[in-house]
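Novice: Spelled out from the first residue to the last, the chains are:
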Amino acid sequence: MSGASVHVLLVDLRFDDGPRVIKHADFIVEDGEILGIMGPSGSGKTTLLRAIGGLEDKINGLCRIERPGKIGMMFQDYDCFPWMSVRGNLEFSSRGTKTDTARQIELLSRFGLLKWAEAWPWQLSGGMRKRLGVARCIVADPDLLLLDEPFGSLDYRTKLEVSDVTVKYVKQNRKKAILVSHSVDDLMMLADRAVISQTTPLSLEFKCERSESSAGMLDILERLEDAKFRHELISLTTKLIGAA
Amino acid sequence: MLSTNAFLRYIPPAAYAVLLVGAFGVGEGYKIAVIFFGIIFFLITMIVDVFDGIDQRYLDMARLDGRRWGEIVCYVIIPWSLPRLIDVGRINLGAAWTFLVIGEMVGASSGLGYLIVVSQRFSQIADIYWAMAAFGFIGWFLDSLLKYLSRALSPWFYAVALKQ
Numbered sequence: 001m002s003g004a005s006v007h008v009l010l011v012d013l014r015f016d017d018g019p020r021v022i023k024h025a026d027f028i029v030e031d032g033e034i035l036g037i038m039g040p041s042g043s044g045k046t047t048l049l050r051a052i053g054g055l056e057d058k059i060n061g062l063c064r065i066e067r068p069g070k071i072g073m074m075f076q077d078y079d080c081f082p083w084m085s086v087r088g089n090l091e092f093s094s095r096g097t098k099t100d101t102a103r104q105i106e107l108l109s110r111f112g113l114l115k116w117a118e119a120w121p122w123q124l125s126g127g128m129r130k131r132l133g134v135a136r137c138i139v140a141d142p143d144l145l146l147l148d149e150p151f152g153s154l155d156y157r158t159k160l161e162v163s164d165v166t167v168k169y170v171k172q173n174r175k176k177a178i179l180v181s182h183s184v185d186d187l188m189m190l191a192d193r194a195v196i197s198q199t200t201p202l203s204l205e206f207k208c209e210r211s212e213s214s215a216g217m218l219d220i221l222e223r224l225e226d227a228k229f230r231h232e233l234i235s236l237t238t239k240l241i242g243a244a
Numbered sequence: 001m002l003s004t005n006a007f008l009r010y011i012p013p014a015a016y017a018v019l020l021v022g023a024f025g026v027g028e029g030y031k032i033a034v035i036f037f038g039i040i041f042f043l044i045t046m047i048v049d050v051f052d053g054i055d056q057r058y059l060d061m062a063r064l065d066g067r068r069w070g071e072i073v074c075y076v077i078i079p080w081s082l083p084r085l086i087d088v089g090r091i092n093l094g095a096a097w098t099f100l101v102i103g104e105m106v107g108a109s110s111g112l113g114y115l116i117v118v119s120q121r122f123s124q125i126a127d128i129y130w131a132m133a134a135f136g137f138i139g140w141f142l143d144s145l146l147k148y149l150s151r152a153l154s155p156w157f158y159a160v161a162l163k164q
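Protein sequence lines, in the order shown, are assigned to chains A and B.
For the first sequence, position 222 matches number 222 in the numbering used here, and the numbering has no gaps at all.
For the second sequence, position 109 matches number 109 in the numbering used here, and the numbering has no gaps at all.
Bear in mind the hints are in silico, worked out from the structure with no lab data behind them.
Bear in mind that the values here come from a model prediction, so they are computed numbers and not experimental data.
Each residue gets a CB set at the ideal place from its N, CA and C atoms; glycine is no exception.
Hints are not guaranteed to be accurate.
To be verified - Here are the computed distance ranges between Cβ atoms for each label pair: (1) A/Asp12 - B/Gly66: 54 to 60 angstroms; (2) B/Ile54 - A/Asp12: 26 to 32 angstroms; (3) B/Gly29 - A/Ile105: 57 to 63 angstroms; (4) B/Phe51 - A/Ala102: 49 to 55 angstroms; (5) B/Gly29 - A/Ala102: 34 to 40 angstroms; (6) A/Gly61 - B/Ala23: 53 to 59 angstroms; (7) A/Arg110 - B/Asn5: 34 to 40 angstroms; (8) B/Ile91 - A/Arg103: 50 to 56 angstroms; (9) A/Gly112 - B/Ile78: 54 to 60 angstroms; (10) B/Ile54 - A/Val167: 29 to 35 angstroms.
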């Protein structure tokens, strides 16, 4: 599936006859690209990812995803099945396409988990568990990765380490990823491009603009309509640019 | 279906014990029926609650892993539910003992419930204490056994779920 960009078009999504959760989202994710989507809590970011992943059965509206290929998703705070061993998790997520033990061993070794192959996830440290989460997510070689605030609860060092393996996977294998976060920090660390959501109560519009650099991202933020959200993001981004 | 269950759950088997004697006669069948009808409606409610509470995120992960429904049941729903179902078993086992005494009030000629009923009738206080101690000991033993089983089968539950 590598070699084709993914086009996402979602219009007027709502649960059954409930209020609208997404007004309009229209963007393209190119090969080897990590697209960052940012918006305040409750703006529908997770719903957007779940709709792309086909996990929302009760949603109505136009939901068209062109050429998504195989999809892998990393959930916030959920990295693996706690009742399966480290290796068991990888086996289960291999989708039974082939019992590729060599790939599992290669992944375990690349993620520093080989010694822990037979351990339970709860015996691992937070960072190791998150690495297992990434390994589990990519073991079946997905074309599109959906990352729902995946590194929110990690310390900075672990976050760097885990985002590094994720970025490498996407770049080296020419895959695509959509990262959803309310943290400028995560977005600047991982994303090539930013899509900012501007929220009104229970509706959402995504504007898609390319940010080539941190300063470019500031430009986008300057144009946000929600004053409080704009102020918060700009002060955070300025701080980060200053620290870099 | 659940409202029917709620209706039936609130009718104590002692209220229709005579009907059960009519249906099953006096003997083992009657005792089993009293225990069965005493706990089955509670069991249904509690088991449905367990499955209702399953963490949707794990189901989503399995769906994205491309697993079929049968595999999701075997590898996700059952392991997730098992320790909680054993807990339901532990709670209802206690209730089952109560119904055993009710069951042995009619037509029984032996058993701990029978012993208690006879001892009460003839004011044999010591025997009542013995029977109570036996109930307590057997209950404690079975409860410990189920607890051990749960820890052996689902160590993750005690390491992860209870800390959250």
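Novice: State for each hint whether it applies.
Specialist: Hints, verified against the model:
no., hint, verdict
1, A/Asp12 - B/Gly66: 54 to 60 angstroms, "violated (29 angstroms)"
2, B/Ile54 - A/Asp12: 26 to 32 angstroms, "holds (31 angstroms)"
3, B/Gly29 - A/Ile105: 57 to 63 angstroms, "holds (58 angstroms)"
4, B/Phe51 - A/Ala102: 49 to 55 angstroms, "violated (38 angstroms)"
5, B/Gly29 - A/Ala102: 34 to 40 angstroms, "violated (60 angstroms)"
6, A/Gly61 - B/Ala23: 53 to 59 angstroms, "holds (56 angstroms)"
7, A/Arg110 - B/Asn5: 34 to 40 angstroms, "violated (52 angstroms)"
8, B/Ile91 - A/Arg103: 50 to 56 angstroms, "violated (45 angstroms)"
9, A/Gly112 - B/Ile78: 54 to 60 angstroms, "violated (31 angstroms)"
10, B/Ile54 - A/Val167: 29 to 35 angstroms, "holds (34 angstroms)"
In this structure, the earlier hints numbered 1, 4, 5, 7, 8, 9 are contradicted, and the remaining ones agree with it.
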